Every structure is written in C-alpha cells, then in structure tokens.
Amino acid sequence: MSADPNEDTNEVRPGVRARGATEGMSADPREVTSGATAAASPPARERDLSQLLLIGILAVLGVVVAVDASRLRNDFAKLDPVGPKAFPYAVAAALLVLAALLAVSVLRGSVPEAEEGEDIDLTQRADWTTVAKLVGVFVFLIATVNVLGWAISGALFFAGCSLTLGSRTWLRDLAIGTALSVATFYAFYSGLGVPLPAGILDGIL
Amino acid sequence: MGNIGHLADGFASALTPMNLMFACLGVLLGTAVGVLPGIGPAMTVALLLPVTYNVDAASAFIMFAGIYYGGMYGGSTTSILLNTPGESSSVVTAIEGNKMAKAGRAAQALATAAIGSFIAGAIGTALLALFAPTIATQAVKLGDPSYLAIMVLALVAVTAVLGSSKLRGFISLFLGLAIGLVGIDSVTGQSRLTFGIPLLSDGIDIVVVAVAIFAIGEALWVAAHLRRRPQEIVPVGRPWMGREDWRRSWKPWLRGTAYGFPFGAVPAGGAELPTFLSYVTERRLTKHPEEFGKGAIEGVAGPEAANNASAAGTLVPMLSLGLPTNATAAVMLAAMVGYGIDPGPTLFTSQSDLIWTLIASLFIGNLLLLVLNLPLAPVWARLLRTPRPYLYAGILFFASLGALAVNLQWFDLALLLVFGLLGLMMRRFGLPVLPLIIGVILGPRVESAMRKSLQLSSGDWSGLVSEPVAKIVYALIVLGAVGLLVVGRLRRPTTQEVTS
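Residue numbers (my numbering), protein chains in the order written: chain B, 1307 to 1511; chain P, 1298 to 1797.
It should be emphasised that the hints constitute simulated quantities derived from the structure, not laboratory data.
One thing to keep in mind: the hints can contain errors.
Result set (DSS-like, lysine-lysine): computed pairs, CA atoms no more than 25 Å apart in a straight line [what the hints assert, rightly or not]:
(1) P/K1768 <-> P/K1438
(2) P/K1749 <-> P/K1768
(3) P/K1548 <-> P/K1584
(4) P/K1591 <-> P/K1548
(5) P/K1749 <-> B/K1384
(6) B/K1391 <-> P/K1749
The model shown is predicted, which means the values in this text are computed figures rather than measured ones.
All chains should be built: construct the whole structure from the sequences, respecting the hints.
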C-alpha cells in the first residue's frame, strides 16, 4: 500500500499529466487536511511532540561532548592556557542549554517550519516508508561496495533508489545504473586517477 | 594600480583553452543544476569536490565560479517557469516572473532576468575586484583577537539574522561546532570525540558533511514529501526583449545591483532581504502600478539583479577574510582547504595568481552565461521534466560517489548516511542548514584563534579585547543582539493582533 501514492510520480511522458492530477485528488482527503494544518499554518497551536526526538539528541550529544572533554589533559598549560577542554565544554553547555530552551518552546506550542522546495508537497502526510527503504538501499551499498565493487553496487544502488522513488521500469533503471556506474568508474580511474573499489570484477574492468 | 596588472594576469591565465573549457563546463553545469529542482549550487559544488583531487586549483575554482553564477541564473528560470522557487533568494522573482510567464511573456521574463543578472554580476565582480584586495590588506594587519571577533560576528550574524527561528538557528550552529570538534586536537595531540575509531582522527571530512547535509538530506526529505502531481511548466521559446521592456528594465537592474552588493558583502546580508527591498522599491517607483501582481517586468528585473549582485558581494568576505557567508561560498572554502590553501586575509598575497584568475573567470563566466543561456533557455525548460525518480536516484548516486572518492573507504559512506539522516532531521524540524556548515568550517578556526589570543595574554581573558578592532566588533555584536531583541519585542504584540 505504501508504494501506491507514488504511482504517478515516475511518469515521463507529458501527456499523462491529466491522469496524474486526478489520481492525486483522489488521495485520502482526511490525510491531506491533517497534514496541511500540521505543516503549513503557524497559528494552529498544535504541539509537535516529535520534536522531543531532537531535544533528546541535543541533550545526549551535549553529555557525550562533555564526558569526552573531561578525560582530556592539558599538558602544556603554560603554553596553552585555554587547553583542549574549554571549547568542547562550551559547546556541550550550549547544546544542553539549547535543548532546554527548545523543550520549553515546544511545550509552549512552537511548531517547526518544515523546509519547502520545488518537488516538496507539504500538504501530504510524510511518507516515511519510502525513506526507510532508501536507507535500506543505502545500507546495502555500504555493505557491498568493497565486495562487489563500485560498478555492480553502484548500478544496483541507482536502480534500487529509482525503484523506491516510484519508477517501475526496473530493466531500464538497471541499464541506466550500470551505464552510470561503469562510466564513473572509468572516468575516476583514468580521468582523476582515483581507483574506485573494483570488487569481484577486479581484473575484468 | 598593481591590481589592474594582477587582473590582467588573471585574465591571461583564465583565457587558456583548458580553463575556458572549465568555465563553460561550470556555467552549463551550474545552470542545469540550478534549473533542476532539489539541487542548488552549493550541492553541485559539493558533489564536484572530488574533481579537486586531480584538477589544479585554478581550473577547479574557475569551474566552481561558473557553477556559482550559473546556479543563481538557473534558479530564476525555475521560479519563472514553475512558480515554486527552490532557493529563498528567488522567491521574489517568482511573484512577478511566473505571472509574466502565464501571460505569455515568459521569453521577456527570462531575458530581463538573464541580462539583469549579467549586468549585476559584472558590476558586482568589478566592485569585488576593487574592495576585496583593500580589505585583505587591512585584514592582514589584524591579530588573532580581532580575527576571532570577526569570525564570531559572522557566526552569530548568519545564525541570528537569517532564518525564521533564532533558537533553531543556534541549535544548527552548535551541532556544526560539535562536528568540527571531532579529530585530533592540534595543540595537545589528543583525540577528541573519535570514540577510539582511528578513521576519525583526521576529523570528519567537510566534503562528506557538506554532501550529506545538502544532497542526501535533501533527497531523503523530498522522498518523504514527493509531490504527487507534476507541476505545470510554462513552455518557452528563445528569450528576447522589446524596446519597451529594455526601457522599463535598465533602472531596476541598476537599483537591484545597488541593493544586492552591500547586503551580500556584510556577513549576514544574504540575498533574501535585498531581493525583497528591490521588489518593494520597484513597486513604489513604477509607472505601471496596475501591472504589479499581474506580471510587471520591473518586479523581475530588480530582484534578479539584486540576487546576482549579492552573490558577487558574498565573495568579498570570503576572499578577503576567509569568511563564508552563504552555502556555496562555504563549500568553495572547503575546497580551498582541500587544496591545502589557508583561507584568510593572506590569500591575496600568498595565492595572488589563483585569486586573480578566479576573479577574471567570474567576469568570463558571467559573459558566457549570457551568451549560452539566451539560446539554451528552451533546453533548460525541458530539463524541468526530468522524471523525479531518476533525478533523486541520480543525486543519491553521485553523492555516494563523491563521498566514496574522498578516501575510498566504505566508512565515509556510512558517515554520509549518518549525516544525511541528520540533514533529513534538520529539514523536518526546521533547522537551517547554513549555520551548521559554517559552524563545521569556522569552529576549529574559532577555537584556534581563541587559544592563540589567550596564549599571547598568558590566559588573561582581557586578551580577547586587546585590539581596537576586536572591541568594536564585539560592541557591534552586542548592539545587534540588543537591536534584534528590541525589534522582536516591538513586533510581537502587533503580530498577535493580526492573528487574533
């Protein structure tokens, strides 16, 4: 189901725009309205408690920076009166203070202004499934790039990303991906002198 | 008059066939990515940072300069033809530009944007060549305390003045400063925030951070909110202007330039404010007030010129002080560091050839932009139809390639993903990206300037204000902060009245 709303985003031919428009309209109306109030209108005093995640990250990061700084020594106190600790401590303190300030303002109803862009439609509810799948494809790339090499992993990565983003022409995606990865492999190898990992194709490429 | 000689030398080295090719490449790439949704000039330069490993510094910067100006121009094409500006600086252009396009005057809107950008870019670059060396000569005399103060001013200004929420701006800034801490402390040789991972001891490569925050973060954020309905794109032929259009455009171009350059040159000016001011001015001065809101050419000419002049202005603090004040400048500065060039007031003396070649190539790129882009406009308009799955898969692909090429280690890809998720989170929670990037770049330099200043005064904190320039700059920061607070207080009751 989650891939369903993506359906008309991969259309290449301009002629099908009208069909895409009607399909977009038929999306669940409740979702559209709830998304719109949460994202677009500042006067709506709905609390966005997902921001607690950000507050948590800031607080943890502040503590980590402070703990890490506490084990540093300043062996050259004469030469370097400030030492390596002061700046991390200041950053840590600021992160903790900012976490507290953000907590206060979130509880008072501060709503983040999500970033807009040409291809971004904030009136729809966020599609986190697609994001999770993309992260999965990315992890696949990280895990295999040394074994399979850039030519294979990169091609699969491109095809995987475009399929996740709504394309359905997997054969063509794979072909484009392979063309890109092999071309970049050689461009980096001979043009820039950067040998990307060849993996199992070592010796063939 | 040594500077004119330097500039002539710069032109001589920028006009070699090889460098001209890089300039063309940069302009074309810059315009293409400026037109493409989702990618801005900063991201493009970030994605192209791998070329710095095998291309010499001058050629790389010639290309980056082309991308910088090209990206600005491409962004305006998108906002005129699509009415959804990608960068905040082209919001104002979209107001009248898209109305003109819908009324069948897309060609004139694109033409006034292109010619206005050219004029503003040429004047702006000339002013840059005039002011930057002078400022650098003065800045070389500054000691660490003054330099520290100026950097603090830039950090505070970029964070507090731009963007809607100061709190969120400062969160972004300190996240960046924390990232900048990772690595071996240069004075005592101890590792900080490396968690025992030897790969982190050199610090986190700024290329990886920039590519992750700009490209991966953006692609993931778009993936979460991909527009289901393709947008309407206004078709366009070759841009041209009639006599009447010229008559109505030239004054707005010049006024826009006058607004844009100074705002770009001060640390927190940015392009939003001058484009908006230019729009308001043109609206007030126009002889055709009835056309405003329905597609007035003045409303495109002025803001577009302001936008480009501010882009040129931004290069003044970057080249004369090593202070980046917008995202593209920040990434270009990262590239400089990648070449082992120390950005700062000494640039004009230590890297004289490189800097003057860069300035000359800005003039050349600006001209190329005009020559290439007027006939190519229909091609650029077609780019807007790129299928989105391919566009964003391509962004992810090239971002990974760029990160992998840094050290040829999968570890950098893992970092790329982690910071990409951070970029996604920042977009979700309304944290501006710029303060983080500038924090990562300036953080280590701020710390080192602070430690050197206090070294000189043997730990006495008054050493931080031992120079007059430092005193003045800190006073400015305090004044600015008080001013912002007062304005905020005054404005608050009125906005509440409006909403209730």
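Hint check:
1. P/K1768 <-> P/K1438: Holds. P/K1768 to P/K1438 sits at ~16 Å (cutoff 25 Å).
2. P/K1749 <-> P/K1768: Judged against 25 Å, a Cα distance of about 17 Å means the pair holds.
3. P/K1548 <-> P/K1584: Satisfied, since the Cα-Cα distance of roughly 12 Å is no more than 25 Å.
4. P/K1591 <-> P/K1548: Given that 25 Å is the threshold and the Cα spacing comes to 20 Å, the pair holds.
5. P/K1749 <-> B/K1384: With Cα atoms ~12 Å apart, P/K1749 and B/K1384 stay inside 25 Å; holds.
6. B/K1391 <-> P/K1749: holds, 15 Å
The structure is consistent with each of the numbered hints, conforming to all of them.
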